[in-house]
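Engineer: Sequence:
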Amino acid sequence: MNDPGVTRVAVYIDFDNIVISRYDQVHGRGQFQRDKVRAFDRADKAADPEIAEKLRRATVDVGAMIDFASSFGTLVLTRAYADWSDPVNADYRGQLVSRAVDLVQLFPTAAYAKNGADIRLAVDAVEDMFRLPDLTHVVIVAGDSDYVPLAQRCRRLGRYVVAVGVAGSTSKALAAACDELVTYDALPGITPAEAPQPATGRTAGARAERQESGSAPAARASRRTRRPAAADPDTEDPQELATRLLVRALRLGQEKDDADWLHSSAVKSQMRRMDPSFSERALGYRSFSDFVKAREGVAELDETNPARLIRLNPAMAEQ
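First residue of the sequence shown? That's 1147 in the working numbering, and the numbers climb one at a time after it.
Hint data in this document are derived by calculation from the structure and do not stem from the laboratory.
This one's a predicted model, so the numbers in the text were calculated from it and none came from an experiment.
Just to be clear, a hint being listed does not mean it is correct.
What the hints assert, rightly or not - Straight line, CA to CA, 30 Å or less: simulated DSSO-like cross-link-like pairs of lysine-lysine: (1) K1200 / K1182; (2) K1439 / K1402; (3) K1318 / K1414; (4) K1200 / K1318; (5) K1402 / K1182; (6) K1439 / K1414; (7) K1402 / K1414.
Let's have the full structure, built from the sequences with the hints guiding it.
Structural biologist: Printed below as a string of C-alpha cells:
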C-alpha cells in the first residue's frame, strides 16, 4: 500500500499544441501554418536554411517541462501525443525517450488531425485516474480550451490539476478550470521569447543579411559559439550537467516554496526526481555538501544549523 503522504504525478503533453504555439509565439500568430513547418525536414539537402533557423529559435525545452512536473512529486507516467512521423515532431523523439516519455502515435484521419490529440489524451487521463487511484496530481501541457472539461473532471475526482501553456495561446477558461497554470516562459531555465518581428519571409531574411554584411565574420563567429538548443547529454561534461541540474532544482524549489534557503535533502531529492542517475559519489564527492561547496559560484551552503540549507547564489538569482 502506498504512503498517503506521497504525491504521485501523471503528465500529459499535447505535443503538437506546444510546438505550434511556441513557434507562433516566437514568429507571429499563424506563422507555423504559413511556413509549412509540419512537413519541413531539416535533414533534406534542399531544406530552407531560414526555416531551419526559425525552428531552432522556437525549440521547445522538453526537459524544463518534465522537470517542472517532477517538482510536484514522483512521476508515475508521462505521455506525449503527436503524429511522430512528422519531421518537426520526430526531431524531439530522442529527447523524449531519454526522459522515459511514452510516445503516443496519432494517425491523422482528416486535415491537421483536428482534436485528435485532445480526445485521445482526455480519454487516457480519465481512464488512468480510475486505474491508478493513488494519482494525486495531473499536469496537462497544453493551452487549448478543449481541455477545460478534462481539468474540471480531474478536480472533481480529487486531483490537483496543473496546466502548462504558451503565453498568448493559453485559454483563460483553462486557467480558471485548473488549480495552477504556469506559462512556458516562466519555467526555470527558459529564456522568455522575444516579441515576433513584423517583417517575415525571404525578403526580411535577405534584408537582415544585407544589414549584417559589414560584420559578417563576427556574425559567423557568434553563430559558431552559440550553444545548441538541445545538446546531447551523452557528449556533455557530467560536471556541467550536474551543475545545471542543481541550478534548476534550486530555482524550482525557491519558486514553489517562496523561500531563499532550502533544505539540502529536499534539493537533492528534487535533483534525483529530475535525473534518477544523479550521484555525487559518481562525480567524485564524498557527500552532497561537498558537491554543493564545489559549486560556490552558483550555490551557497549554510551548515550552521543541524539541517543544512542551500540557496541559489544571489548573483545567479538575478539572471
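Engineer: Hints first: check each against the structure and report whether it holds.
Structural biologist: Here is what the structure says about each hint:
no. : hint          : verdict
1   : K1200 / K1182 : holds (12 Å)
2   : K1439 / K1402 : holds (24 Å)
3   : K1318 / K1414 : violated (35 Å)
4   : K1200 / K1318 : holds (28 Å)
5   : K1402 / K1182 : violated (39 Å)
6   : K1439 / K1414 : holds (14 Å)
7   : K1402 / K1414 : holds (15 Å)
Against the hints set out earlier in the document, violations occur for numbers 3 and 5.
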